[in-house]
Amino acid sequence: MELTTTLPPTTALREVPAVVARIERLGFDTVHIPETTHDSLAVALLAAEHTSRITVRTSMTLAFPRSPMVTAYAAWDLARFSEGRFQLGLATQVRGNIVGRFSVPWERPVENLRDYLASIRAIFAAFSTGEPLEHEGSHYRFTRLQPYFNPGPLPTAAPALYTGGVNRRVCEVAGELADGFVTHATNSHPSHLRTVVLPALRAGAERAGRAGIPRVVVVSKSITGPTPAALAASRDSARQELAFLFSTPAYRTTLDRLGLGRVGERLAAMAASGRWTGLATVLDDETLAALIPHGTYAELPDVLGQAYGGIADGLGLGLPLDPDDDEDFGALLERLRLIPTSAAATIPPANAGPTSATRGVAGSETLS
Numbered sequence: 001m002e003l004t005t006t007l008p009p010t011t012a013l014r015e016v017p018a019v020v021a022r023i024e025r026l027g028f029d030t031v032h033i034p035e036t037t038h039d040s041l042a043v044a045l046l047a048a049e050h051t052s053r054i055t056v057r058t059s060m061t062l063a064f065p066r067s068p069m070v071t072a073y074a075a076w077d078l079a080r081f082s083e084g085r086f087q088l089g090l091a092t093q094v095r096g097n098i099v100g101r102f103s104v105p106w107e108r109p110v111e112n113l114r115d116y117l118a119s120i121r122a123i124f125a126a127f128s129t130g131e132p133l134e135h136e137g138s139h140y141r142f143t144r145l146q147p148y149f150n151p152g153p154l155p156t157a158a159p160a161l162y163t164g165g166v167n168r169r170v171c172e173v174a175g176e177l178a179d180g181f182v183t184h185a186t187n188s189h190p191s192h193l194r195t196v197v198l199p200a201l202r203a204g205a206e207r208a209g210r211a212g213i214p215r216v217v218v219v220s221k222s223i224t225g226p227t228p229a230a231l232a233a234s235r236d237s238a239r240q241e242l243a244f245l246f247s248t249p250a251y252r253t254t255l256d257r258l259g260l261g262r263v264g265e266r267l268a269a270m271a272a273s274g275r276w277t278g279l280a281t282v283l284d285d286e287t288l289a290a291l292i293p294h295g296t297y298a299e300l301p302d303v304l305g306q307a308y309g310g311i312a313d314g315l316g317l318g319l320p321l322d323p324d325d326d327e328d329f330g331a332l333l334e335r336l337r338l339i340p341t342s343a344a345a346t347i348p349p350a351n352a353g354p355t356s357a358t359r360g361v362a363g364s365e366t367l368s
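Residue numbers are given in the UniProt record's numbering: position 157 of the sequence shown equals residue 157, and the series is strictly consecutive.
These are computed hints drawn from the structure, not numbers from a lab. Note that beta-carbon positions come from the ideal geometry of N, C-alpha and C, so glycine has one too. It cannot be assumed that every hint is accurate.
As the list claims (entries may be wrong) - Quick list of simulated restraints, FRET-style, between CB atoms:
{"#": "1", "residue 1": "Gly278", "residue 2": "Thr37", "range": "18 to 24 Å"}
{"#": "2", "residue 1": "Asp326", "residue 2": "Pro9", "range": "18 to 24 Å"}
{"#": "3", "residue 1": "Gln306", "residue 2": "Ala21", "range": "30 to 36 Å"}
{"#": "4", "residue 1": "Glu111", "residue 2": "Ala229", "range": "28 to 34 Å"}
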């Protein structure tokens, strides 16, 4: 099982080197670089510079505010600099943020993401081969890449492309074109994975003629600690973030599925009226327990094994709140690594060449 953690979004740039070094020392395979208050690609460069083993994956870089060519150049540089340890995660975000926060049009987002991924594939192929760049899709048209502007092939494989999402159609796009899929905290419940996410990935893969689905990395925001008291502290720490995420109407599917639709309605109403600080009070302990896995270090391997064994290829876990717990946490990671993974294997698109997803991985996100 691949073990991942997300760089805390509040990490200042000057603190990134120490935090990613700690992540690598703990034994994680992958660090996810979010895009909330920092540019994910800039932070990924810092993370790659100050680690030597782990995979650095953006989770997720927002696609629509950037031209695919701009993103492709940055990803190519990061792959070369990291000697193949960089993976590019791309996502749509939600309409309110794309239009209101970035002043970018929101037009047929599912088709846009599909064409964005196809554009990146075409650009990567032109970088690798030197062949003319010819891509005409639903949203993007690329027909010019003079040798002077071509960075040339990498000594490693092209960066693997990951995406994420909550609802069925965007999951199908991942099944068609992505090497890997990262779940959102709001769609990581095992019942939602089995009934919505995995069937959608399979449907997309079948439509594209692929033999398997993308690798699935589950970021469920599991709550843990070495003792029951530490577990309670971690629960309180996670409550505010989860309440914020579930206040977004587009992320309410799991709440509805679990009979908690009124919780989502209340959170959305509070967010709409600007009552951000009170959101956490809506998610009581019983509701949290229904939504995400809980367990002490001793309990968590069995809890996550029962929830995700055989249906995931990677699991996300937060960093210990107390660095004094790092040694025990490292031992926990070794136990989690033994959880059986999914048997599904990704088959890269024909024009993509080998990817790090097919070679194996060494060792919220806000998605729509």
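Going down the list of hints, with the structure as the test:
{"no.": "1", "hint": "Gly278 - Thr37: 18 to 24 Å", "in the structure": "holds, 22 Å"}
{"no.": "2", "hint": "Asp326 - Pro9: 18 to 24 Å", "in the structure": "holds, 21 Å"}
{"no.": "3", "hint": "Gln306 - Ala21: 30 to 36 Å", "in the structure": "holds, 33 Å"}
{"no.": "4", "hint": "Glu111 - Ala229: 28 to 34 Å", "in the structure": "violated, 50 Å"}
Checked against the numbered hints listed earlier, the structure breaks hint 4 alone; every other hint is satisfied.
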